[in-house]
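Undergrad: Reminder that position 116 of the sequence shown reads as 115 in numbering that gives the first Met the number 0, one-by-one numbering, no gaps.
Any given hint might turn out to be false.
Claimed, not checked - Label-pair restraints from in silico Cβ distances:
# : residue 1 : residue 2 : range
1 : Arg93     : Asp135    : 28 to 36 Å
2 : Arg38     : Glu68     : 14 to 22 Å
3 : Ala119    : Arg149    : 31 to 39 Å
Rather than coming from a laboratory, the hints here were simulated on the basis of the structure.
Note that beta-carbon positions come from the ideal geometry of N, C-alpha and C, so glycine has one too.
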Amino acid sequence: MTGRGVAERRVVKVSGGEARRARDRLAVEEPLELRVAGRPVGVTMRTPGNDVELAIGYCVSERLVAHPEDVAAVRFCAPEGQAQEFNVLTVDLRPGVPVPDPSLDRLAVTSSSCGVCGKASIEAVTVACPSLAGDDLAVPARVLATVPARVRDAQRVFEQTGGLHAAAICSADGEVLCVREDVGRHNAVDKVIGWAATERRLPLTGMVLFVSGRCSFEVVQKAAVARFPLVAAVSAPSSLAAELADQVGMTLVGFLRGDTMNVYTHPHRITLPTPSATASDPAATPTLAPGPASAAGPAQGPGPAAAPGTAATPASAPTPG
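Whole structure, please, built from the sequences with the hints as guidance.
TA: The structure is reproduced here in structure tokens:
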């Protein structure tokens, strides 16, 4: 082991028709059992690190607590008679805070094949989360395009292993405020939400959530609870993710690579310079005209707003999809 987040393994490397023995570094994946007030609420497979943030973020994004202040403490515990392996976390609640029933009133869908109706899932989120339509965040496309490289520079474990997802909180001017990594994209999102909770930054109005892979329903759901008005992903969103973003008033960007992106919902938050405006006034950045947003494809604005085409996904991505 080189650290709790990275492991080493002997491998056989094949290159140029030759084979040699070597060592490779892998991202660690271990189970983490979460308990709230002593009651088990779930087990997630995660990369060790920032586990307290993960626990708090999970409780917030899954609505197991109404407010981050409801959490009194987070502590590691071990089953009786077993050694401490730091794979069981208990969230203690403040006196008077009701203990949640994890079987009720949860927003998350545990897997894409769980059989829960998509319409019912969207309705559950929209009822619990006020609309984001009033958030007046505006991000220049050229600024948003710089975010993936900035986040990649901060991915320490990915640099060693190539096997982790990342989530990041960014400001409207592209500043990366927090980056967290995990083998699970949902865990990475919970970690940054947990960081925001511990830093008393919730709700995350006026902020951007960036995810290094594809964007699923769960990612948009968690972002809606945390009040992100814009979610940007390196890869594609799912159809249900786009539908949910549309319903809650969230701008959803996919295929954010280089200077290209698809804006699937509420494109008015993305601003683009026009050649004529740039020539006379570099500060002029007109907003993308609102267009139809649906799960069938991205909203089409003027000029380059529709790049790249959704029919042709790039052959490789800088991070796992």
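Undergrad: Honestly, which of those hints from before does the structure not fit?
TA: none
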